[in-house]
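S.K.: Residues per chain are reported as follows:
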Amino acid sequence: SAVISQKPSRDICQRGTSLTIQCQVDSQVTMMFWYRQQPGQSLTLIATANQGSEATYESGFVIDKFPISRPNLTFSTLTVSNMSPEDSSIYLCSVPLTNTEAFFGQGTRLTVV
Amino acid sequence: GDSVTQMEGPVTLSEEAFLTINCTYTATGYPSLFWYVQYPGEGLQLLLKATKADDKGSNKGFEATYRKETTSFHLEKGSVQVSDSAVYFCALAGLHAGAQKLVFGQGTRLTINP
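Which chain is which? The protein sequence lines are A and B, in order.
Numbering-wise (the numbering used here), the first sequence opens with residue 1 and increments by one.
Numbering-wise (the numbering used here), the second sequence opens with residue 1 and increments by one.
No lab work stands behind these hints: they were computed from the structure.
The structure presented is a predicted model; accordingly, all values stated were derived computationally and were not measured.
Don't be surprised by glycine CBs; every beta carbon is placed ideally from N, CA and C.
Watch out, some of these pointers could steer you wrong.
[Said to hold, decoys possible] Beyond 12 angstroms from chain B on every Cβ pair, some chain A residues (computed):
{"hint": "1", "residue": "Leu-92"}
{"hint": "2", "residue": "Leu-97"}
{"hint": "3", "residue": "Thr-100"}
[Claimed, not checked] Taking lysine to aspartate or glutamate pairs in the EDC-like style, the calculated list, with each CA pair at most 16 angstroms apart, reads:
{"hint": "4", "chain 1": "B", "residue 1": "Lys-101", "chain 2": "A", "residue 2": "Glu-86"}
{"hint": "5", "chain 1": "B", "residue 1": "Lys-60", "chain 2": "B", "residue 2": "Glu-8"}
{"hint": "6", "chain 1": "B", "residue 1": "Lys-52", "chain 2": "A", "residue 2": "Glu-101"}
{"hint": "7", "chain 1": "B", "residue 1": "Lys-101", "chain 2": "A", "residue 2": "Asp-87"}
{"hint": "8", "chain 1": "B", "residue 1": "Lys-52", "chain 2": "B", "residue 2": "Glu-42"}
{"hint": "9", "chain 1": "A", "residue 1": "Lys-65", "chain 2": "A", "residue 2": "Glu-86"}
{"hint": "10", "chain 1": "A", "residue 1": "Lys-65", "chain 2": "A", "residue 2": "Glu-54"}
{"hint": "11", "chain 1": "B", "residue 1": "Lys-56", "chain 2": "B", "residue 2": "Glu-69"}
{"hint": "12", "chain 1": "B", "residue 1": "Lys-68", "chain 2": "B", "residue 2": "Asp-84"}
{"hint": "13", "chain 1": "B", "residue 1": "Lys-56", "chain 2": "B", "residue 2": "Asp-84"}
{"hint": "14", "chain 1": "A", "residue 1": "Lys-7", "chain 2": "B", "residue 2": "Glu-42"}
{"hint": "15", "chain 1": "B", "residue 1": "Lys-56", "chain 2": "B", "residue 2": "Glu-42"}
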């Protein structure tokens, strides 16, 4: 298993501002994933963050809105930029345990007002 | 594309009741199937998994059987406890995408009353 620390655990932000979410893993991992869970919806993959290269974004997500940093093998950040109420969600980072399983952080609950 | 459909919640049961949370999937080939659980204030935890048809995953009294013929992976527990109150997610890992592209159902909130 892995210990994933995600910060902040929750925040309430004004529309038009940006929030950076941090994800720290207790071991070195090649890939880190960022998911979004909108209210009443399932988890949706935003992007895959690889150390030393640009993140790979899924359809419907763009770097300008969700810039990601991956400065080393244990850390990543996701920024939610120019926020609107529609960005209110739980954001989760995860790392793979095996080639089919993933391990998740506790999530960041974001409310945009 | 791949998708997972879960029984809508919320589900409220009394302690010691029998639990079933239905999950069906659509996928190319034979994906791996998972149940994740999210306890209040915590991250998602893998509850159980099955990687091929007819496999049964089990953990903490929960069971789910990979049914290829019905494309289902229903979660069951014979006698639930208050501590089982959580949100449960059914998920699949596609044959070629693996852990990178887990596809989740919408989650089912389970509340167990004493």
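S.K.: Find the hints from earlier in the document that the structure breaks and name them by number, from lowest to highest.
M.R.: When the structure is compared with the hints, numbers 1, 2, 3, 4, 5, 7, 8, 12, 13 and 15 turn out to be violated.
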